[in-house]
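Undergrad: So the chains spell out like this:
Number of protein chains: 2
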Amino acid sequence: MTQSDHTAAVSSPSRSPSKSKSKPVYGTPEEFARAIEELRTLFAEGAVTTAKDQLEAHGFSPNAHHPGCPHSVVVYPSSTEDVVKIVNVARKYRMPVIPYSGGTSLEGHFAGWKSGGICIDMSGMDKIIAIHEEDSDLVCQSGVGWMEINETLKEKGIPLFFPLDPGPTATIGGMLSTGCSGTNAVRYGTAKGEWFLNATVVLPSGEVIKTRRRSRKSSAGFDTTKLFIGAEGTLGIVTEVTIRLAPVIPTTVATARFPNVRKASEAVIEILNTGIGIQCIELVDAEFMRATVTAGNPARPYDIADHLFFKLQGATPGALAESVDIVKTIVKKHGGDKFWPAKNNEEAEAVWTDRKNGLYSFLAFAGEGAKVWSTDVCVPISKLPQLVYETQHDIKQTGLWCSVIGHAGDGNFHTCLTFKTDEELAIVRGLVHRMVERALALDGTCTGEHGVGIGKKEFLVEELGAGTVSLMKTIKQAIDPLGIMNPGKVCGILAKKKIRDIEGFF
Amino acid sequence: MTQSDHTAAVSSPSRSPSKSKSKPVYGTPEEFARAIEELRTLFAEGAVTTAKDQLEAHGFSPNAHHPGCPHSVVVYPSSTEDVVKIVNVARKYRMPVIPYSGGTSLEGHFAGWKSGGICIDMSGMDKIIAIHEEDSDLVCQSGVGWMEINETLKEKGIPLFFPLDPGPTATIGGMLSTGCSGTNAVRYGTAKGEWFLNATVVLPSGEVIKTRRRSRKSSAGFDTTKLFIGAEGTLGIVTEVTIRLAPVIPTTVATARFPNVRKASEAVIEILNTGIGIQCIELVDAEFMRATVTAGNPARPYDIADHLFFKLQGATPGALAESVDIVKTIVKKHGGDKFWPAKNNEEAEAVWTDRKNGLYSFLAFAGEGAKVWSTDVCVPISKLPQLVYETQHDIKQTGLWCSVIGHAGDGNFHTCLTFKTDEELAIVRGLVHRMVERALALDGTCTGEHGVGIGKKEFLVEELGAGTVSLMKTIKQAIDPLGIMNPGKVCGILAKKKIRDIEGFF
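Residue numbers (UniProt numbering), protein chains in the order written: chain A, 1 to 506; chain B, 1 to 506.
No lab work stands behind these hints, which were simulated from the structure alone. Mixed in with the good hints there might be a few duds.
Unchecked claim - Stretches of chain B that chain A covers, calculated by requiring three or more beta carbons in the stretch to come under 8 Å of a beta carbon on chain A:
#1 179-189
#2 214-223
#3 305-316
#4 456-463
None of these values were measured; they are calculated from a predicted model. We put the CB at the ideal spot given by N, CA and C, even for glycine.
So here's chain A without its partners, still in its complex pose (with noise of 0.2 Å):
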């Protein structure tokens, strides 16, 4: 057998662990009702809220183009012990628990469950706990957002940060349970590597667990840290975490046009394989460009074409302009050309601001009363450029307006497909819909760093095969035999139906 047959060689699997599932049953409404009584007098008064406004507004989000519901009850813990305490009541009137942090995900992570449950806001758990300069460590609660970490290290003067930049406003829980990257994934990995040094969880159990001590490195077994990143709070509630910051490294900012995405691409696999200090390769295209040229205020008077942004590294002067030329040497030789290096420090920020605010230019862009939906996929980076083309080439066949952003560096791509009608979402949910299988044809992933949630839980099956995805649930039963945990997300309950064939879901 070989590794790209999912299929073959399943033999005999007597006693199979996927044989015992079960499906979860959860309370009554009366039984609901009691559970949130038994908060209000556990909690003081505004911790615990029905408020509709809150329900609503916890339960949908508006980056999310699936199905939400609204929750019974939103609770504010302030501690590890507040969570137990919800976790507790939880269990003992099946109510599902459903965490929710800075509200940037985009697949329905936190939708409310069908028949009602408990929502865990952790804004309140936003203490930064300890800052170890030494061991370029941090210790802190998980409703802490990754801005705040590094803003704080720069005003208190420590030459360290926190390299995971996925929205703005995504918090360090949210963060690992979405196991989330962003553009400096390709110099410094993802929430999969090795960051989140350890955990402190609330178990479906109740009981509190620590993952890991705070050494840099271990092989004391299996990292059971590892679990809950990327588990979307199915396994349990982070409370607390320890992560490693790495040096600030002077940088740089250049751009590059290209004649086209594979000329773009081949410079990428070029440039990465020098070795040379490369925080970020954002590729974008010509849409984006137009967007950003039109509707941005754009730093520079850019071309409406293909192009790369650099984000370069060196700790010295001299290591950071031999890294410019030789970037330079490389786009001209893959037919790029007007490579522009960012004159001074205030240029490169403004530079870098034109690609994070891709979202507002397509927006603004798109006229009044126009959405977007954002989503990813991931493929080995040699077939960016087919998984590229391919998706422009079906987008134009709708009609619809769409760019196309690429952490490049990873073969990890973005699409903002932008709608105003009920017709064109339903186009969109179409045009993601064969995005996605057109990477996984590529030997890809339905998400590189969004997760699942629920948008994606209709692939997981075609991309990891039903023998992992089982296993995936036969974890989930053995932590979470009651099924509290943020149910009917990443491979929970209907993973294998498919979403837009069961309207009457949520």
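Once you've looked at the hints, dock chain B against the given chain A.
TA: Just chain B now, kept in the frame of chain A:
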């Protein structure tokens, strides 16, 4: 509750998954005999052996001083399907399965099970299946060695390499299963990072899963690849993997003498925070140098003093030269002297060989009949000097000879304790035990890169807390309900007891 508090806040763990553990029941000697007969019918002659020397060679490690045990049979598979056949027979007769690959492990990972078992020798599964140069990845069977992979890439003129560098004959499957790293970890991280893109695994059920696709990133749920990293064959047998490769970057080597370990560690922290290209920073003590100078045929006339060995990276000669200058300045600032960069590649290689040949120098220095107990712990980097001092002091009290080697950039430190008699072995055992207790008291781990096997089992509960070990056991039992996969290792069966209290265990 703070992160440093492991024992608090275990609140009403009703329906805790830890309640349902049961002890596995294995087959009878007659059943095991039938299993061996059945294996003989399934495999060609020579692929199944019960030759005494083979059973013993696979059940006892010359590198580990823990209880060993011969296996009942050794089988040599050559494909995933072969491993499925073996696991199906094992399950049918409830017979333990113990994987064996490079044989380099130090903590008794492949010791036989007391009542007998099947050893799977993976040496025949040594094929490189595909090299994707553009994607910087490689697909191979798990029995191939990391050095063989790097030699193959070099021979083919592909400027990429696999950066995990444990013992020279270690194989990919053992490296994954041990959660290994090596001298390159300060730059590239460990097996627990993002080097293993996916794994094909034969589960205890006989089912074959592939944990992920080949894209560099994925946030499609929690990554089941990670479950098997560091699991030491207790959850399944890894048969194929896709590994990520890194670009080969020009390097040079330098050494520097330090007045003591504390000063050297301070220099390490400052050097790492500059962001220059550091591939390795190795700390060696005066005793290492004594052995090297006296018995190691050294490349240089080193002083008998604490030293740092540096391997520096630079994409260009200019960047490399700048890095050398920066290191020189920081070394001097922290009281180091005799900073000695290699003049050319040949000298760099010879100096690095002095560091790599430590074990052979120790054995030669210790004289005929000497053996080495090599073990490791890891602490937050700021705690490394205290750990080294206290351990050196402890060793001096015993009158034994020992050298200390640290992967200083990671806080990971190895002792190589030499002994000749059983009495000395008993002293060594006590020293190792106290070293681990010291590391745990400093928020460290019982093993940074060697794994648990049976040698470090007794420390797991103290290190991780009963809740985390219970979670590991819950997962073990859910995936391997019959307990046939490498029983007694990691958190297996007797983890809570102390090996030294149960002499009759093996």
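Undergrad: All hints, please: hold or fail.
TA: Structure-based check of all given hints:
With 5 residues having a beta carbon nearer than 8 Å to a beta carbon of chain A, the region 179-189 of chain B meets the requirement of three or more and the stated coverage holds. For the region 214-223 of chain B, the stated coverage by chain A holds: 10 residues have a C-beta nearer than 8 Å to a C-beta of that chain, and at least 3 were required. Judged by the Cβ-Cβ criterion of 8 Å, the region 305-316 of chain B is covered by chain A as claimed, because 4 of its residues qualify and three suffice. Counting residues of the region 456-463 of chain B whose CB lies closer than 8 Å to any CB of chain A gives 4, which reaches the minimum of 3, so the coverage claim holds.
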